[in-house]
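Residue numbering for the sequence shown is 1 to 92, as defined by this note's numbering.
Keep in mind the hints are simulated off the structure, nothing from the lab.
Possibly wrong hints are sitting among the right ones.
Said to hold, decoys possible - In silico DSS-like cross-links for lysine-lysine, where the CA-CA straight-line distance does not exceed 30 Å:
(1) 53 <-> 8
(2) 27 <-> 8
(3) 8 <-> 55
(4) 23 <-> 8
Said to hold, decoys possible - Here are the computed distance ranges between Cβ atoms for each label pair:
(5) 11 <-> 35: 30 to 38 Å
(6) 72 <-> 40: 14 to 22 Å
(7) 65 <-> 32: 13 to 21 Å
As the structure is a prediction and not an experimental result, all values here were calculated from the model.
By construction, the Cβ of each residue, glycine as well, lies at the ideal position given by its N, Cα and C atoms.
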Amino acid sequence: MPTIGFAKINGGPEEAVEFVLKKLKEKGHEITFHRHHWAGDMPFGLVIVETNKGKVAVRWYLGDEFTFRLEEVSDEAFEDFIDETLDYIGGD
């Protein structure tokens with residue numbers, strides 16, 4: 001079952017992807033591929049990851065601390081989560 005997540009990051013886009021990948025590894029995910037989407041003028045982005053435990057998409061945003069949570073969702077909800085986030089990042 002696919003997984004979505006939310007992360008608050010104290011840093012920038014580079015720290016965001018490093019934080020998300022580190023947290024996934026701590027939870028036992030073996031990462032086979034990842035991609036990172038963000039726009040320079042927005043305080044959030046999306047990390048999409050393929051792992052041994054399935055697909056994961058984590059929406060991150062800037063804050064004054066580090067937090068991380070994951071939840072399993074249906075395939076349809078997973079695709080909607082990605083589409084909505086990418087639409088917002090792209091300004092559609």
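(request) Run the structure past the numbered hints and jot down the numbers of the failing ones, going up. (result) Those not satisfied are hints 5, 6 and 7.
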